[in-house]
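Engineer: What follows is each chain in one-letter form.
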Amino acid sequence: MRLLIVEDDPLLLRSLQEGLQEEQYAADTAADGLEGLAMAEAIDFDAVVLDGMLPGIDGWEFLRRLRETKSTPVLMLTARDAVPDRIRGLDAGADDYLTKPFDFDELLARLRALIRRNYGKSSNKIELGEVIIDLAARTIAQSGEVVSLTPREYTLVEYLALHRGVVISRTELYEHLFDESDDTLSNLLDVHVSNVRRKLGASFITTRRGHGYCIE
Amino acid sequence: MTHPFQSIRWRLLLWHSLISLALVVAIGLLANRLSSRDRFERIDHELRNHERSFFRSVFMPSPGKKSDGPPTLDEIRERLRSLGEPGQDPPEFRDLFKSDPAGTFIVVWDSDGTPLFISPNAPEGLSKPGNPEEGSTALVTRDDFREHLRVHSSGMVTVVARDISAEQNALNRFRLLLGLGGFAILLSAVAGGWWLAGRALRPIDTISQTATRIADGKLDERIDITGRDSELDQLAQVLNNTFEQLASAIEQQKRFTADASHELRTPLTIILTETQRALKGEREPEQYKQFITHCQTAAQRMRGIVDSLLLLARHDLADHEAASARCDLAQLAEQLAERMAPIAAARNVEIHCGLQSAPVTGRPDYLETLLQNLLSNALSHPPVGTPVTLRSFVRGNESVIEVHDAGPGIPAEHLPRLFDRFYRADPARSQVSGHSGLGLAIASSIARALGGRLEAESDPNKGTTFRLSLPFAENGSDFSGKSIRETAPTRSA
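Taken in order, these protein sequences are the chains called E and H. Those letters in the first sequence? Residues 1 to 216, by my numbering. Those letters in the second sequence? Residues 1 to 493, by my numbering.
Don't read these hints as lab results, they were simulated from the structure. Only a predicted model underlies this, so the values are computations on that prediction, with no experimental measurement involved. Treat the hints with care, since some could be wrong.
Computed footprint of chain H on chain E, listed as stretches where at least three residues anywhere in the stretch have a Cβ under 8 Å from a Cβ of chain H [unchecked claim]:
1. 17–27
2. 94–104
3. 142–149
We treat Cβ as the ideally placed atom computed from N, Cα and C, and that holds for glycine.
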């Protein structure tokens, strides 16, 4: 899952980015509204974490402009917890709202819910025959036994499972699994796919040559 | 309304009713007295007239008798005894008792108590009044009779009397009407008083309702003023002004608290996020070190904000009188410039000083804080390398110090709000440089507390000048004349 964090406080920005990367999100950052907006419009992020008070354009203006072209889920962070501010943010197109100071775990939970809802899943468990994916615990179980996957392998399965039955191109997978700071090798994706097949069965991920990958 | 008699309306009504009652009773008594006196005077007058006509007709010289001087006592007795025989009575005399059948009658007693004359219409069983004083007359009311009593020097007693029950009945009817009328007047006076008290107190009711709503938190409510400039209108005006001040103070307090908590939220978030991340799993010592460093930075930022808030709160209390001393702005600025030289050097800034003695009275530590805030703004906000000038001088009866930077200036729309707490012309940059947005607010409140003022001027071509003007203090300084000095940036690594 690839996220964009727009926050003007450099220390908080860095802290959020590192924290989210440790949770196996690909996280890009922007320190002002205009830069963030340009990135959000160019890349299909799975979610945007947006601070309200920003130089350039503020969070609410950011949302207004973003909503003209994209429906990327947006989690708004703000230091103001007055109800009118929250209403204003939600009305401008924010999908969720967190008031500073927040628990990092709550941020993670809200992001998971936001992404899951965006892909039309209302439960944290996705069942694919014998395989059950627990989005909250970030674990995959086959026939009741937890299968050990690397975080990257898990994100790959999670992304394909959320788009079950849809063929996902390699480019799209790259875009959602790696952020700008990752130096990705072109065959890294193939390595992850073959590892997943080894662990969950060869037929778990199907390859559509020239199109991409898919979980049936 | 609690106890009825604690309410002003009830107490007003009570007093009003008591006064009305006293007035009605007094008027009733007066009317009763006047009316009965009038009636009795008429009756008494009638009785006297009757007596006079009686005696005139009795002693009218009879045609057959020679009149020579007043009649003797015996003649009178004789004459009186002879009355009552219709043949001998003069006709006027007969008419005297006939014409008034309701009642005036006359009885004359001799001194020994034997009746000399009893008029035919006199009631039965009359007796001579006991021990009347000789030579006196008296008017008495006995039962239903009004009697005119005359005692002659000879001891003869004449009583002229009549039945007055009809008059007394009329008088009683009049008294009843008077009582009923008085009661009706009293009732309407009480009702009118109740209405009037209510009407007079209605504005107070409105005021108290409005005040209650304001106390419940509707701070923008105000008392309606009728514009008639009555006493209550003036009170309402005073209260409205008070509410206005309270509301603005509360509003300011609210905004300040909100701003302060807003400022503290971001560093708090950093500390929470960093500690929660650090506790998620085992890590390398280097990583822990980094988490702790981040937390420290955030905590330091919070300390800066809290310190500034406390400082500001202290200046708001303005208890500076105690530690006031004479000092010289030029001297303070010179020391400050020396102290800030390393920071200036780090940003490659030259500090030019044009300092002339400018003595003031005030707390040197506060003034130092003020000047330091101004100088550190001038050193950090404009682009790196922008020269900064400190000038102090005396103008009129004011000591002035100016901090000028030749930077690109502050946009005009920011100037009026520059001294507001937490106001930042550029929110992003100040976050990075760690300024809380309180520096200028503190400077301005110190200036006010010391009886001076702080102004800002900005022009994109000339740069920005902050000017502090304080009252000039005589003999205030031992600062040795002029000091024109340049602090060249010492380029250290």
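Engineer: Take the hints in turn and mark each one as holding or not.
Structural biologist: Comparing the hints with the structure gives:
A count of 3 residues in the stretch 17–27 of chain E with a Cβ less than 8 Å from any Cβ of chain H is obtained; the coverage claim is therefore met, three being the minimum. With 6 residues having a Cβ less than 8 Å from any Cβ of chain H, the stretch 94–104 of chain E passes the three-residue criterion, so the hint holds. As drawn, the stretch 142–149 of chain E meets chain H at 0 residues by the rule of a beta-carbon pair under 8 Å; below three, the given contact is violated.
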